[in-house]
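Using the hints, position chain B against chain A.
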Amino acid sequence: MATCTYTVPDKSASGDNFYGAVICNQAYVDYFWNTYGFSGNKVYLDDGWGWDDCCNTSKPLARAFNGCYALTYSAQDYQNDSYNSAILNWGRRYVRENIDDLRCFCGDGTAIARSKGSGLIEVYLGFFYTKDVPGRAETLIHESRHQGGKPHDAKFPAGSTFGAGKSGADSTWDYEGAWMYGALYLWWYYAAGARTTSALRERARQRGNLVIDNAFATHPGYSI
Amino acid sequence: MSAKSSDTPFLGAPDTLATRVVEHQFSFSGSQDGRLNALIVEAVNRMGGVGEDAEDNYRLALEELGERAEEAVDVIAAEYDALPEEQYLDRWSLVQLLSELRQPKAAAALNRIITSRIPAEKARGSHDASTAAEEVIIRTTAVEGVVRLSADGVDEARKILLRHARNRTFSIRRASVQGLLETGDDADKRELRALLKEKGDQGLLRIKRMDVRQVPQATGGRFVVNPDVKREAPPPDLGREEG
Numbered sequence: 001m002a003t004c005t006y007t008v009p010d011k012s013a014s015g016d017n018f019y020g021a022v023i024c025n026q027a028y029v030d031y032f033w034n035t036y037g038f039s040g041n042k043v044y045l046d047d048g049w050g051w052d053d054c055c056n057t058s059k060p061l062a063r064a065f066n067g068c069y070a071l072t073y074s075a076q077d078y079q080n081d082s083y084n085s086a087i088l089n090w091g092r093r094y095v096r097e098n099i100d101d102l103r104c105f106c107g108d109g110t111a112i113a114r115s116k117g118s119g120l121i122e123v124y125l126g127f128f129y130t131k132d133v134p135g136r137a138e139t140l141i142h143e144s145r146h147q148g149g150k151p152h153d154a155k156f157p158a159g160s161t162f163g164a165g166k167s168g169a170d171s172t173w174d175y176e177g178a179w180m181y182g183a184l185y186l187w188w189y190y191a192a193g194a195r196t197t198s199a200l201r202e203r204a205r206q207r208g209n210l211v212i213d214n215a216f217a218t219h220p221g222y223s224i
Numbered sequence: 225m226s227a228k229s230s231d232t233p234f235l236g237a238p239d240t241l242a243t244r245v246v247e248h249q250f251s252f253s254g255s256q257d258g259r260l261n262a263l264i265v266e267a268v269n270r271m272g273g274v275g276e277d278a279e280d281n282y283r284l285a286l287e288e289l290g291e292r293a294e295e296a297v298d299v300i301a302a303e304y305d306a307l308p309e310e311q312y313l314d315r316w317s318l319v320q321l322l323s324e325l326r327q328p329k330a331a332a333a334l335n336r337i338i339t340s341r342i343p344a345e346k347a348r349g350s351h352d353a354s355t356a357a358e359e360v361i362i363r364t365t366a367v368e369g370v371v372r373l374s375a376d377g378v379d380e381a382r383k384i385l386l387r388h389a390r391n392r393t394f395s396i397r398r399a400s401v402q403g404l405l406e407t408g409d410d411a412d413k414r415e416l417r418a419l420l421k422e423k424g425d426q427g428l429l430r431i432k433r434m435d436v437r438q439v440p441q442a443t444g445g446r447f448v449v450n451p452d453v454k455r456e457a458p459p460p461d462l463g464r465e466e467g
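In order, the protein sequence lines correspond to chains A and B. Going by the working numbering, 194 is the number at position 194 of the first sequence; the sequence numbering is gapless. Each number in the working numbering comes from the position in the second sequence (counting from 1) with 224 added on.
Calculated directly from the structure, the hints in this document are not laboratory data. A virtual CB, placed ideally from N, CA and C, is assigned to each residue, including glycine. Be aware that a few hints might be false.
Stated by the list, open to error - Sample of chain B residues lacking proximity to chain A, with all beta carbon distances greater than 12 Å (derived):
#, residue
1, Ser255
2, Asp277
3, Glu291
4, Arg292
5, Ala293
6, Gly377
7, Asp379
8, Leu386
9, Ala418
10, Leu420
11, Arg433
What the hints assert, rightly or not - Covered stretches of chain B, as calculated for chain A (at least 3 residues, CB under 8 Å):
#, segment
12, 312-322
13, 363-371
Bound conformation, chain A alone:
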């Protein structure tokens, strides 16, 4: 067991203040809880993680719900989650079909999240507090892609901010790995994200470009 602490700003650009007023509805709480892997994992969301305070966006559970709201409703036509549509639409479906258990831990600061196999995803403090709301949706999609059977298959390229020569990159865009899924989701969020602001869409663009520039052994040749 680890004990961790975090100082949370009540006002920031993360998106949590405003999402907080939205997700505090039993219909959403029930839906997110049962759909995105929280069910059966209450114990990992107790003891300060927000299980008994799920509308409080200074706590991790509400911040995870905010990411789930962005994941679920950022397509204008969110009800269409067909795999023939854009990943902005079906990202939510992909996550719900690949994550069975979502568990929270303090972590050691070296990871945002980890895919542990068999539908289990672990998320750490950085997921809740360094990631903005659409960034949390991106993380869930990234880790879901690992659950879907695509490990990273290459080393980061020369000059990569993720550490040149380290393993953990995807070889190409066409490999359709976790980095491609995350970047493509952010790209769509930038281009067509609904119920958000141009600032958060711009942040998605900047994060997406960073991934495209640094997380593929061979640069795809395009940017957002």
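Okay, now just chain B, sitting in the frame of chain A:
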């Protein structure tokens, strides 16, 4: 049916978290103007809006701040310098604000941010957490601010973009090159191409900004889920109730 049990009491010892809430991360130690400081906090806060009126509310906050944009640039730049290094999202939000205000005098501050040294990676050993990546996102957002000024005809902005076409960080170079190609005049573009040729960095010219609809899309998944657990989402605008 899912093989997973319900919320069975746990025999182990999970992690414990304690949170402390502060109003915001800004100190405004260099600005005694409470009204201006409040406008800045409000604009940053509205960046994270959600709902059908999120963009309108953000634009309104920017409009009100824009009436004092020239003064705001100095306060925002000073606040950026005062924030602790690890407050990446807060630092980014101030750079985004500088970019939004489109004030020519912001060019110097944005250039200083782009030029500043990127601290050593603090999350070594991780493949997804990267403090260097957060730093680069802050700087490429500053480049975007300079691109907007260049589009507005600010000469200094074009010079900054040309200068950072030789930045040591790939993403900053890429953003600067694309920005100058989009907003520079013919002479700027000639100078840029000559510079990239001299540096052997002409590959940057082949990276194109694209519409997402034009790039290869992801295939999607093929997982079968338990319909008892995974039902359809409620509508997005139910409003606030007790949860």
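Now for the hints, and whether the structure bears them out:
1. Ser255: holds (17 Å)
2. Asp277: violated (9 Å)
3. Glu291: It holds; Glu291 (chain B) is separated from chain A by about 19 Å at its closest Cβ, greater than 12 Å.
4. Arg292: Holds, since 19 Å exceeds 12 Å.
5. Ala293: Ala293 (chain B) is indeed farther than 12 Å from all Cβ atoms of chain A, at 16 Å.
6. Gly377: Gly377 (chain B) clear of chain A: closest Cβ-Cβ about 22 Å, beyond 12 Å.
7. Asp379: holds (25 Å)
8. Leu386: holds (19 Å)
9. Ala418: holds (22 Å)
10. Leu420: holds (15 Å)
11. Arg433: violated (6 Å)
12. 312-322: Check passed, 6 qualifying residues.
13. 363-371: holds (count 3)
Consistency with the previously given hints fails for numbers 2 and 11, ordered from lowest to highest.
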